[in-house]
Amino acid sequence: MSALEEHLESFGEDVTVTVCPDGPLLLRGPAQLRSADGHTVDHDRTVVALCRCGRSRLKPLCDGSHRLSKFRDPATAEQLDHVLTNATPYRPEGSEGS
Amino acid sequence: MTVIDDPVRTDPVPTDPARPGFPAAAHVPAPTPIAVVPTDPMRADGPAPLPAPRGPVSAALLTAVQRDPSRSLDLRHLGWDGEPADAATDDDLQLALWLSYELHYRGLAGVDERWEWHPELLWARARWEDQLVAGLRLAVPTDDVAEPGTDSAAHLVADPVAQVVDGLTALAEADGEPSLSKFLMRRASREQFAEFLVHRSLYHLKEADPHSWAIPRLSGAVKGAMITIQADEYGGGVPAAMHAQLFRALLADWRLDSTYGHHLERVPGVTLLASNLISFFGLHRRWRGALVGHLAAFEMSSSVPNARYARGHRRLGGGEQAARFFDEHVVADAVHEQIALHDLAAGLARSEPALAGDVLFGARCAAYADTLFAEHLLGRWGAGLSSLRDEPGVTA
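Same order as they appear, the protein sequences are chains A and B.
Take the first sequence: its position 58, counting from 1, is numbered 912 in the working numbering, and each next residue is one higher.
Take the second sequence: its position 136, counting from 1, is numbered 158 in the working numbering, and each next residue is one higher.
Mixed in with the good hints there might be a few duds.
Here are the simulated lysine to aspartate or glutamate pairs, DMTMM-like style, with alpha carbons at most 20 Å apart [stated by the list, open to error]: (1) A:LYS913 - B:ASP349; (2) A:LYS913 - B:GLU350; (3) A:LYS924 - A:ASP876.
Think of the hints as simulated: they come from the structure by calculation, not from any bench.
Given these sequences and hints, build the entire structure.
Put into structure tokens, the structure is as follows:
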């Protein structure tokens, strides 16, 4: 493999999921979308927004409804790290909790 | 979900006139009967037709561009002397701006292309733009941001990135009354929905083009975000999937002429403002922050209204294939909204903190133009009137 090919190979192959504050999950990269029974659904969208607020009329896709329902989840790095590590609700300092 | 191979988009003209409730040509405000509808996605646009003047400035401009641009010409008399508060909606000023900007897009029918960079015309246009900006500054709050574009802006704001994210989010969550989209969804008549499409044709037949001026002015991750959005707008390079082409199919479905610039004569200054604003920001590197902010505001206020437009379109008997224009915007802009906010606008504030104020200014200008447009349509319709201009008897 040439240096150029290696360089190009390093781009675009990673699948990432970005947890958007108060919004959807952004799925980027060559991820397969599957139903639970294993069927793969073809699509050619480079980025897919998956509903996180539960209010979309186009589930599992996002349709912007989170804004109308005032969905709130800051999804900070601290929060992601906390829940992944501790499996307990994240309560940043100064918050009342719930 | 497949976009590129969708046969719907390669043959977007509906052929079934028997659809119940579909508007006949006589019931929609198309200025001319539609004999030939140029919806072939491979077809190139022609230049925009020349309209009738709407006042002294557009009259003088339309006369000037008939002349030989290589000859010396003093256009300093082409100043607009209205009040800044009226600049955003003045028919004469907005038409003059639209025509002078259109020289950079598809051109004007019968006008020498060298007028695009004619120094006297650019001098006159710069004065019109001064008036436009003065009007926008009167209408759009800037008290929470430093003077746009100045070096001091970065030092006055503790966290420009947070300021941009919070400001854009607050703008998107503000209740955008009056709600044109709710009216179109629930109550608009077929004639009113067709009028809405006629207004929007001035922008959507060149959808995404004005924001594309940002591309050569950005770099790195911010440029990457811009390209991700624009690639969708241009259908990933497939002509039939370009949003402008989806809109052309929508116009055809409503039996409206989809020739580029065809409806210019019928739309008022407030409609031209929507396009002029982006062209103004886009054609000046100095306003790249506002251009980015404008696009972010656009994308963040698109999914929900487009879902409503789609329901209105279907309620009024619009075709399924044509509804693709709205449906696609719901899904695509739900993605674009996040990219435009976090990668594009916040990204620009991160790399060029001094532009944070401009980003918010551009976004608020977009919301302002949107509100003026909604007020015009709902106001005219509420009074039982058409929102379009009467057809002039004589065109230039």
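Against the structure, the hints come out as follows:
1. A:LYS913 - B:ASP349: With Cα atoms ~14 Å apart, LYS913 (chain A) and ASP349 (chain B) stay inside 20 Å; holds.
2. A:LYS913 - B:GLU350: holds (15 Å)
3. A:LYS924 - A:ASP876: Answer holds: LYS924 (chain A) to ASP876 (chain A) is near 8 Å, not above 20 Å.
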